[in-house]
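S.K.: As a plain string of letters, each chain reads:
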Amino acid sequence: MDITTIIHSLQAKFPGIVVGASADQLIITKEVVKPVFEFLKNGPAAFTSLHSITAVDRKDTVEVVYHVHSFAHRVMLTVKVILGNDQLEVPSLTLLWGAADWLEREVFDLFGVRFEGHPDLRRILNPDSWTAHPLRKDFQMDGIVPRPVK
Amino acid sequence: MAVNEKILGSELIDKVPGGGFVLAKTEDLFNWAKSSSLWPLTFGLACCAIEMMVTGGPHYDIDRFGSGVFRASPRQCDVMIISGTICVKMQDSIKRLYDQMPEPKYVIAMGNCAISGGIFYHDSYSVVKGAEAVGIPVDVFVAGCPPRPENLLHGIIKLQEKINSQKVKTA
Ligand code: SF4
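If you read the protein sequences in the order shown, they are chains A and B. Residue numbers 320 to 469, in the numbering used here, belong to the letters of the first sequence in order. Residue numbers 28 to 198, in the numbering used here, belong to the letters of the second sequence in order.
Treat the hints as calculated values from the structure; they're not laboratory data. We put the beta carbon where it would ideally sit given N, CA and C, even for glycine. Some hints here could point you the wrong way.
Computed cross-link-like contacts, DSS-like style, restricted to lysine-lysine with a CA-CA straight-line distance of at most 27 angstroms [as the list claims (entries may be wrong)]:
| # | chain 1 | residue 1 | chain 2 | residue 2 |
| --- | --- | --- | --- | --- |
| 1 | A | Lys456 | A | Lys399 |
| 2 | B | Lys156 | A | Lys456 |
| 3 | A | Lys456 | B | Lys116 |
| 4 | A | Lys353 | A | Lys332 |
| 5 | B | Lys189 | B | Lys122 |
So these bits of chain A aren't anywhere near chain B, every CB distance computed over 10 angstroms [what the hints assert, rightly or not]:
| # | residue |
| --- | --- |
| 6 | Ala342 |
| 7 | Ala391 |
| 8 | Leu414 |
Computed, partial: chain B to chain A, Cβ under 8 angstroms [claimed, not checked]:
| # | residue |
| --- | --- |
| 9 | Gly93 |
| 10 | Val96 |
| 11 | Met117 |
| 12 | Gln118 |
| 13 | Ser151 |
| 14 | Ser153 |
| 15 | Val154 |
| 16 | Val155 |
| 17 | Lys156 |
| 18 | Gly157 |
| 19 | Glu188 |
Please construct the entire structure, taking both the sequences and the accompanying hints into account.
M.R.: As structure tokens, this is what we get:
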């Protein structure tokens with residue numbers, strides 16, 4: 320099974336999925352996140368491994384980026400979910416992949432994306448007292464990092 | 028007491044010609060003892076710590092300067108070698124470790140990160156701009172990214188020179 324067959328089978332099942340900038344990149348809406356990833360993992364393509372979850376701040380939107388890998392077919396797939404700045408929420412994948420737990424916590428910590436259904440959505444790296452999310456473009460760091468007294 | 032002419036501070040102590048004893052000021056003697064057994068804290072923060080470990084190995088042999096006894100408790104230490112990047116989340120722990128060390132205590136800031144934030148100086152949300160920004164007074168700055176082991180040894184020698192010129196406080 321190569322990547323185009325996988326994408327065609329996915330598009331037959333979920334209309335509305337578009338191919339992104341490259342042939343192994345998909346853009347989906349957040350309503351279908353759960354069924355799409357369930358199909359990717361348990362379907363014929365057997366994407367058993369979730370490699371990474373990250374995000375990109377495009378100022379008016381935030382893209383959540385997933386990389387999944389299929390050992391059976393030796394293919395990697397990039398899946399993007401584009402969220403509006405005012406509703407940074409996406410369903411959690413922790414029930415499908417245990418690895419999603421800390422990856423989602425990291426994206427929450429750095430970008431402020433909330434993962435609905437995550438069992439323990441806390442900051443993972445930065446101090447718990449912070450309210451800002453440092454990799455957002457509108458992040459202001461004044462007063463966060465101590466500087467020497469002149 | 029055999030006094031080796033080459034060891035640090037030995038010029039502070041005079042042999043009585045033909046005699047079996049030496050003369051020295053207590054101040055010099057105390058400083059000599061202090062500077063010749065600088066026990067560092069077993070404590071590393073980032074890549075510079077790897078270089079500090081190499082300095083402790085047999086090739087560079089930090090024991091030649093009496094600083095090889097890396098202690099696992101701040102209560103037993105004389106010098107804190109801040110070797111690496113200080114993160115915002117780490118700063119309170121470092122300050123507490125420094126506060127737990129008994130006097131007299133000294134600090135070597137090893138590497139550009141510990142001096143000023145180094146390569147993370149600009150636009151970093153997580154790196155503190157050097158040890159002095161968290162309120163830890165630094166005695167010797169060792170520049171480099173990372174400094175070579177020789178450079179750290181040079182820093183230790185400079186610290187020994189500083190200690191040897193100190194006045195011993197009497198009550
Ligand atoms: S000064 Fe360079 S080598 Fe040392 S901790 Fe910083 S980045 Fe690493």
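S.K.: Each of the hints needs a verdict: does it hold here or not?
M.R.: To see whether the hints hold, each was checked on the structure:
1. Lys456(A) / Lys399(A): 19 angstroms, holds
2. Lys156(B) / Lys456(A): 22 angstroms, holds
3. Lys456(A) / Lys116(B): Roughly 22 angstroms between the alpha carbons, so the hint for Lys456(A) and Lys116(B) holds.
4. Lys353(A) / Lys332(A): This hinted pair holds, its Cα atoms lying about 14 angstroms apart.
5. Lys189(B) / Lys122(B): Satisfied, since the Cα-Cα distance of roughly 23 angstroms is no more than 27 angstroms.
6. Ala342: 35 angstroms, holds
7. Ala391: At about 39 angstroms from chain B, Ala391(A) clears the 10 angstroms cut-off, so the statement holds.
8. Leu414: With a cut-off of 10 angstroms, Leu414(A) remains clear of chain B, as the shortest Cβ separation is near 30 angstroms.
9. Gly93: 31 angstroms, violated
10. Val96: 31 angstroms, violated
11. Met117: 10 angstroms, violated
12. Gln118: 7 angstroms, holds
13. Ser151: 7 angstroms, holds
14. Ser153: 7 angstroms, holds
15. Val154: Val154(B) check passes; min Cβ-Cβ to chain A is 7 angstroms, inside 8 angstroms.
16. Val155: At 5 angstroms from the nearest chain A Cβ, Val155(B) passes the 8 angstroms test, so the hint holds.
17. Lys156: Where the cut-off is 8 angstroms and the nearest Cβ of chain A is about 5 angstroms from Lys156(B), the hint holds.
18. Gly157: 6 angstroms, holds
19. Glu188: Since the shortest Cβ distance to chain A is 25 angstroms, the answer is violated.
Hint compliance for this structure: hints 9, 10, 11 and 19 are not met, and every other hint is.
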